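Peer 1: So you can see what is in the structure, the chains are spelled out below.
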Amino acid sequence: MTTENLLILAAVIFTIGAVGVMLRRNALVAFMSVELMLNAANLAMVAFALARGGLDGQVASFFVMVVAAAEVVVGLSIIMTIFRTRRSTSVDAASLLKL
Amino acid sequence: MTIAAPSFEWLELSPLLIVLVGACIGVLFEAVLPRRWRFNAQLALLVVTLVAAFAMLLVNWGNGATGLLAMGSVTLDGPAYIAWGALLVFGLLSILVFAERQLDNGATAFAAAASSVPGSNLEADASAARLEHSEVYPLALFSLAGMMVFAASNDLLTMFVALEVMSLPLYLMSAMARRRRLLSQEAGLKYFLLGAFSSAFFLFGMALLYGYAGSFELRAIDAAITAPTYGPGILYTGMAMLAVGVLFKIGAVPFHSWIPDVYVGAPTPVTGFMAICTKLAAVAGGARVFFVALGAERWAWQPVLAVIAVLTMAVGAVLALTQTDIKRMLAYSSVAHAGFLLVAIVGALSEVPGGQVNSVGAIMFYLIAYGFAVVAAFAILTMVRGNAGEVNTLAGWSGLGRSNPVLAGIFAFLMLSFAGIPLTGGFIGKWAVFSAAWRGGYAWLVLAAVVFSLVAAYFYIRVIVVMFFGEPNRSVVVGRASGMTWVPVAVGAAASVYLGLIPGPLLDLLAQAEVFLR
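Sequence order for the protein chains is Y and E.
So the first sequence is numbered by our numbering: it starts at 1 and just counts up by one.
So the second sequence is numbered by our numbering: it starts at 1 and just counts up by one.
Hints listed in this document are in silico derivations from the structure and should not be mistaken for laboratory results.
Note that this is a predicted model, so its numbers are computed, not measured.
All C-beta atoms, glycine included, are put in the ideal place defined by N, C-alpha and C.
Warning: the hint list may mix true and false statements.
Across the chosen pairs, the derived CB separations fall in these ranges [unchecked claim]: (1) E:Val478 <-> Y:Ala69: 44 to 50 Å; (2) E:Val515 <-> Y:Gln58: 48 to 54 Å; (3) Y:Met22 <-> E:Val307: 45 to 51 Å; (4) Y:Thr15 <-> E:Ser475: 36 to 42 Å; (5) E:Arg462 <-> Y:Met22: 44 to 50 Å; (6) E:Leu131 <-> Y:Glu35: 30 to 36 Å.
Chain Y regions said to be covered by chain E (calculated; three or more residues, Cβ under 8 Å) [claimed, not checked]: (7) 18-30; (8) 43-55; (9) 63-71; (10) 75-83.
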């Protein structure tokens, strides 16, 4: 595959993730969509590294994976706490803070 | 293939390393110390860490150490010195408020057991046993270290990692309030989801800029813009997505929607911490990206940021008018202040007459003056209490000036500083940022900013009127706080007076330290 195709794929995955965050009502699914966006960025960086012939982009994708793992730990703990309190992970139910 | 060992400037990086090591030792304390010692040990560790880091910063400043550190991933230059110093001072002051235990019958503002379900037996048992999360101090230190890196990072990858290091502990701390835990957990969830969403945009923008320049380094991006090999489409897309991530952290419209909810839901000491430290790091790091990496492309981003600045000031000032909750009002006021800061960023890179600060110096002065006032204001918010914890409603604060003239007087002064009334630090800050934008040729923007400062002055002064001329509310008392709260209040108020009356020394210091190393 050429770099261009890889980039188009990355953009499509990123868009799917972004739309998912905005449309899905379940906090877990929204969070999974964010992870999809991070992976799209990883794909883009690896594709650029291929095109540019450097290693920076590939190394960066490992950093992103580590960061994403840390984000999962924090995110799931927050979502779990909310679920135990409310028995629901819907982001619409969490509306106490509206004006 | 041999790999050369990376060079590492231990002395120059020591302020940052000390904070990180302090945070790690704090985690160890949690593991090995008996529960009854942890609070005092963590507090001592916190103070020692931040004072030692500040001392090493002064040593480096005395040595005149500048340059690219850690294989070119961190820059130590004038703005980095100022940002690090300010972060350490504001970090110490606002984290001290975390340790206030006199206001709520010997308990801190944090939940006894954050994992327990609100209203459950587990929660009641944990409260009765006087458990507390002393993990918040190492968490805050980690967050502070992330902010320090973010303000000084020289490549986008370091910046992304720093962004996450500063955000992840904040998500957790926002969800850990002792009172009104449902609100607090909701704030944590919103902050987390929106924060992760925005950092994904930052990351994709960074990937695109990497593709454009072939490097993550800020100077390499600048070099690629001056001698382009690709068309500008990928550059503009990357720039816009990167800006989304930075503007989210700054709290600019239309990426501000988390600010009111998270500021209200989070425990007030945490709100104070993120109100200044996050904003300072984000503005300093954002200015570095825009000036150093994207400075050659400023004709593209200046008009957009100018529009965003106007929107931010308008939304912040107008919505703050309608609030009946002081914490929420301060949240919207923080949005408005983000707008004033953007005004100075827009006036970037203009010619500066001798003896005056440039755009970066103006931003830093504004942040420092605003920071002292914010630290003190949120510390005062924790002291005004009713039966169910803090009372943040404007009605609850009615008549506070008659029952507690000293506290209300200090709060009134801080409000005047936020509003930018002459003889306060806030006035000099506003003057500096507006003149930076004026020199940058954005007279219309300065005019809009002055109008919105007038609108903003109305709601600050409304609080003063309610406090001094309203009927006293008998169910509201001012708690007898310990030095943990009073020290930040006193330092913040004194510094606001000092910066208003004698701004010269700080302005001179900033004039020496306002040029980004390229």
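Peer 1: Confirm or reject each hint.
Peer 2: Do the hints match the structure? See the list:
1. E:Val478 <-> Y:Ala69: 44 to 50 Å: Cβ of Val478 (chain E) to Cβ of Ala69 (chain Y): about 45 Å, so the range 44 to 50 Å holds.
2. E:Val515 <-> Y:Gln58: 48 to 54 Å: Violated: the Cβ-Cβ distance is about 34 Å, outside 48 to 54 Å.
3. Y:Met22 <-> E:Val307: 45 to 51 Å: violated, 23 Å
4. Y:Thr15 <-> E:Ser475: 36 to 42 Å: violated, 53 Å
5. E:Arg462 <-> Y:Met22: 44 to 50 Å: With Cβ atoms ~36 Å apart, the hint is violated.
6. E:Leu131 <-> Y:Glu35: 30 to 36 Å: holds, 33 Å
7. 18-30: This one holds; 4 residues, not fewer than the three required, reach chain E with a Cβ under 8 Å.
8. 43-55: That given contact holds, which follows from 7 residues of the stretch 43-55 of chain Y lying within Cβ reach (below 8 Å) of chain E.
9. 63-71: holds (count 5)
10. 75-83: holds (count 6)
Going down the numbered hints, you'll see the structure goes against 2, 3, 4 and 5, while the others check out.
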